[in-house]
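> The residues making up each chain are set out below.
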Amino acid sequence: MMRTSLDQGTSDVSDQQGGVRTRTRAAIDAPHLRTDRWWLAPAATAAGLLAFIVYSTWRAFANADYYAAPYVSPFYSPCLAENCDAMRAGPNWDLFGGWWGISPAIIILIFPLGFRLTCYYYRKAYYRGFWASPPACAVAEPHKKYTGETRFPLVLQNIHRYFFYAAIVVAGILTYDTVLAFRDEHYEWGHMGLGTLVFLVNIVLIWAYTISCHSCRHIVGGKLKHFSRHPVRYRMWQWVGKLNARHMLLAWASLVSVALADFYVYLVASGAFDDPRLF
Amino acid sequence: MSGYTAQFKVWRGDVQGGGLEDFKVEVNEGEVVLDIIHRIQATQAPDLAVRWNCKAGKCGSCSAEINGRPRLLCMTRMSVFTPEETITVTPLRAFPVVRDLVTDVGFNYTKAREVPAFVPPEKLAAGEYRMMQEDVDRSQEFRKCIECFLCQDTCHVVRDHEENKTAFAGPRFLMRVAELDMHPLDAAAEAGLDRKQTAQDEHGLGYCNITKCCTEVCPEGIKITDNALIPLKERAVDRKYDPLVWLGSKIRRRSS
Ligand code: SF4
Ligand code: SF4
Ligand code: FES
Ligand code: FES
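Chains as they are written, first to last, in this note's numbering: chain A, 1 to 279; chain B, 1 to 256.
One should not assume that every hint holds.
Stated by the list, open to error - The list that follows gives simulated cross-link-like pairs (lysine-lysine, DSBU-like), each with its CA atoms no further than 35 Å apart: (1) A:K124 x B:K223; (2) A:K242 x B:K250; (3) B:K9 x B:K123; (4) B:K240 x B:K223; (5) B:K9 x B:K55; (6) A:K145 x B:K9; (7) A:K242 x B:K223; (8) B:K240 x B:K144; (9) B:K240 x A:K225; (10) A:K223 x B:K123.
Think of the hints as simulated: they come from the structure by calculation, not from any bench.
Since the model is a prediction, treat every value here as computed from it, not as a measurement.
This is chain A alone, in the form it adopts within the complex:
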């Protein structure tokens, strides 16, 4: 590549003089001059994500109080080992057999976890909130070197679309669970409790988040060069695009709703709360 006068600043990067303190740039010592509360957003993001990590780790490893007929916690669905609670017509499938000793939630949580970890929004959230790369716009990051998503392991973020496919399956199973929530505790159909409502809200948010995914937007139509030749996909792309513009909001809303749905099942299963029957 052509070397320009700009490249000359690279020599002093190693001696604490990198980034905004590069010799050729305006001599200002402060790493940033922002006067607003720029730290608030990354701090709130980090706190929110941490709260969810703590809660979900506890619940995923608890291996208890995840089923109270007819409700199954979204963390344990589908339940794929022999040590799962028996759920009639529920999402049990003894795929892993008896050797699986620890909580069966771990098997299935890999998929939603991978989906959210590689999600374009969550990436922004944790790169900023946890990794300070950057902490906020025009605030110098503390790292000396930066290669972004060009190498292992972060280059793996590129497999996001495979997690998206898996997420569709998981959302399908959670939809099935929501349908099953229209039974009562004796597996009779045609009933509804407060839990059913919690499940309904959760599944709508899960679907909205999943469909608003950037990979989904690409797959349904974004990859095309000529929308005019694919009118149906164009319409789908526009529709997904509308949801996609709210992807961050949906990411948080569905994160909260899935935790709440699980917590609701926990309260009912542990006997701390009785599911009020609506009909």
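Using the hints provided, position chain B with the ligands relative to the given structure of chain A.
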């Protein structure tokens, strides 16, 4: 609110060194930061260097940093600050300084030249180009760009890492790659140039970690990350990390 006296700190100096200089300066209703800089120039520091042209947010010349945030001097109203606030104005901090508020933005021109131009379709003469509106909507958003380079200045990939300037084109020029790759008549692929692939291999798309600062500062409100960079990343995945799509394209070989 009518006239008051504001506290300003303006960076003055050149590549040899410099610092923030204090000014007390009159502010009137309806003014923007560029007016105040001009008043400082007219009344207190006649040799203060500042680049500007249209004073209407359209030429992209007056980019600077105000209270640490990359912004256009002519589009930042004084009414967003309280009269008590000290307002700090510095040149762009990602580029070499020339003098006072003027920086050398040549990096961006170098990067612009590195993006291969529109490849004309073979069988069409000039004047025969026909495109459907829905096929150009996406590129038209990107064409709103006024080349103020605020996004290039904010992007931490180069702002915080001078050494990445060789490998990384920056948001504005990755957006240009996206624009051409979405262009209904661009014949790059037919000519053997795969923009999806080169976005990653030659323009450093992988450096972007989609933290959206470019989008945050763009005075034209272009959704750079959502509409250009992420779609471009997905297109690169089609080429490089998705065996299914890759196989499909080998078998079917038709343009979509
Ligand atoms: S989204 Fe990417 S290109 Fe835009 S500022 Fe962030 S790292 Fe740079
Ligand atoms: S994309 Fe926006 S911020 Fe970047 S140069 Fe163009 S107008 Fe300026
Ligand atoms: S789920 Fe967020 S981008 Fe795919
Ligand atoms: S002077 Fe033209 S954009 Fe500010």
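> A separate judgement is required for each hint: does it hold in the structure or not?
Verification of the supplied hints:
1. For the hint pairing K124 of chain A with K223 of chain B, the CA-to-CA distance comes to about 15 Å; that is within 35 Å, so the pair holds.
2. Our distance criterion of 35 Å between C-alpha atoms is met by K242 of chain A and K250 of chain B, whose separation comes to about 32 Å.
3. Of the supplied pair hints, the one linking K9 of chain B and K123 of chain B is violated, its CA atoms being roughly 59 Å apart against a limit of 35 Å.
4. With a CA separation close to 25 Å, the supplied pair K240 of chain B and K223 of chain B stays within the 35 Å bound.
5. Among the hinted pairs, K9 of chain B with K55 of chain B is consistent with the structure: their alpha-carbon atoms are about 21 Å apart, no more than 35 Å.
6. Restraint check for K145 of chain A and K9 of chain B: the C-alpha separation of about 32 Å stays at or below 35 Å, so the hint holds.
7. About 13 Å separates the Cα atoms of K242 of chain A and K223 of chain B, which keeps this hinted pair within 35 Å; it holds.
8. With a C-alpha separation of about 30 Å, the suggested pairing of K240 of chain B with K144 of chain B holds against the 35 Å cut-off.
9. Our distance criterion of 35 Å between C-alpha atoms is met by K240 of chain B and K225 of chain A, whose separation comes to about 18 Å.
10. Under the criterion of a C-alpha separation no larger than 35 Å, the hint pairing K223 of chain A with K123 of chain B is consistent with the structure, at around 24 Å.
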